[in-house]
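Keeping their order, the protein sequence lines are chains A and B.
According to the working numbering, the first sequence is numbered sequentially starting from 216.
According to the working numbering, the second sequence is numbered sequentially starting from -18.
Everything labelled a hint here was simulated from the structure, so no lab data went into it.
Computed from a predicted structure; not experimentally measured.
Any given hint could be a false lead.
Facing chain A, from chain B, some residues (calculated, C-beta under 8 Å) [stated by the list, open to error]:
hint, residue
1, 18
2, 21
3, 26
4, 28
5, 31
6, 32
7, 36
8, 41
9, 43
Not close to chain B: a few residues of chain A, all C-beta gaps over 12 Å, as computed [claimed, not checked]:
hint, residue
10, 250
11, 264
12, 288
13, 304
14, 310
15, 350
Listed below are the simulated DMTMM-like cross-link pairs for lysine to aspartate or glutamate, each with C-alpha atoms no more than 20 Å apart in a straight line [to be verified]:
hint, chain 1, residue 1, chain 2, residue 2
16, B, 34, A, 297
17, A, 262, A, 276
18, B, 34, A, 217
19, A, 262, A, 290
20, B, 34, A, 304
21, B, 34, A, 255
22, A, 262, A, 310
23, A, 262, A, 275
24, B, 34, A, 296
25, B, 34, A, 223
26, A, 262, A, 233
Note that beta-carbon positions come from the ideal geometry of N, C-alpha and C, so glycine has one too.
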Amino acid sequence: MDARPLLERIALALERAELDAVLIGNAAAALQGAPVTTVDVDFMFRKSPAGLRKLRRVADELGAVVLRPYYPASELFRVVDDAAGLQADFMARVDGVRSFEALRARATRLRLGGHTLLVARLEDVIRSKRAAGRPRDRAVLPVLEAVLREKQRQGSQGEA
Amino acid sequence: MRSRGKAAKGKRETTPRPAGLDALRAESDRHHLDQIRRLLARPMAERTHFLRKRVPGGGSHV
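Extracted from the complex, chain A is given alone in its bound form:
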């Protein structure tokens, strides 16, 4: 399925809510050129009272609700609209990512439908999957590392 319509909606909602968020996970890896798929999109964001207000505004813009499926064990906020098949996870902490600011500074700016989406660099996605260490993360690492080697060989870092 083409994720573009969903990503455009999310990018617009993030812009309107003025929420800083960086796309991570397999969605980011796919945009960076990896032949991987995913059922949802994951973001890292700066969790603060203002950030949480903005996240609620993002959900409103998308006609979705915010759930906390793993409360209190995890600071994951799930923006869900089952009817539209929308699931976007927003995380304040990501394994292998020391700071949101550093992740954001290194992210690639992707223009979609007149809006900008920040996409984590492949190196950051690889680092977070190595740190998470779940079987499904370990399974996809060879693919991501192959893509990174090819990108480095082609010298095409930082494209948008």
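Using the hints, position chain B against chain A.
Chain B in isolation, oriented as in the chain A frame:
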């Protein structure tokens, strides 16, 4: 057509299994790299066909 007897069949030449598997692996790796190169040749905004849709009862499809 008359079938040949057992004695006349002779020994069949077969590729040793490890060498055959190695060749398959090399071909698979080559295709994989081709797939990566095709994706990298596209602009990022065109690499958006990655979403799977959940199906009722579990599982998902592209």
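Pair hint outcome, residue 34(B) versus residue 304(A) [Cα-Cα no greater than 20 Å]: Satisfied, since the Cα-Cα distance of roughly 16 Å is no more than 20 Å.
Hinted pair residue 34(B) and residue 217(A), Cα distance within 20 Å: holds (10 Å)
Proposed interface contact between residue 18(B) and chain A, which counts if any beta carbon pair is under 8 Å: With Cβ-Cβ at 7 Å, under 8 Å, it holds.
Supplied contact hint for residue 32(B), tested at 8 Å Cβ to chain A: holds (4 Å)
Verdict on residue 350(A) as a residue remote from chain B, using beta-carbon distances over 12 Å: holds (17 Å)
Pair hint residue 262(A) and residue 276(A), alpha-carbon separation not exceeding 20 Å: Between residue 262(A) and residue 276(A) the Cα gap is close to 19 Å, so the pair holds against 20 Å.
Hint status (Cβ of residue 26(B) to nearest Cβ of chain A, threshold 8 Å): holds (6 Å)
20 Å limit on alpha-carbon distance, applied to hinted pair residue 262(A) and residue 275(A): With Cα atoms ~18 Å apart, residue 262(A) and residue 275(A) stay inside 20 Å; holds.
Satisfaction of hint between residue 290(A) and residue 262(A), Cα-Cα up to 20 Å: Cα-Cα ~9 Å, so holds.
Verdict on residue 264(A) as a residue remote from chain B, using beta-carbon distances over 12 Å: holds (32 Å)
Interface hint outcome for residue 36(B) [beta carbon to chain A under 8 Å]: At about 10 Å, which exceeds the 8 Å cut-off, the nearest Cβ of chain A leaves the hint on residue 36(B) violated.
Status of residue 310(A), Cβ more than 12 Å from any chain B Cβ: Residue 310(A) is indeed farther than 12 Å from all Cβ atoms of chain B, at 21 Å.
Violated hints, listed in ascending order, are 7, 10; each of the other numbered hints is respected by the structure.
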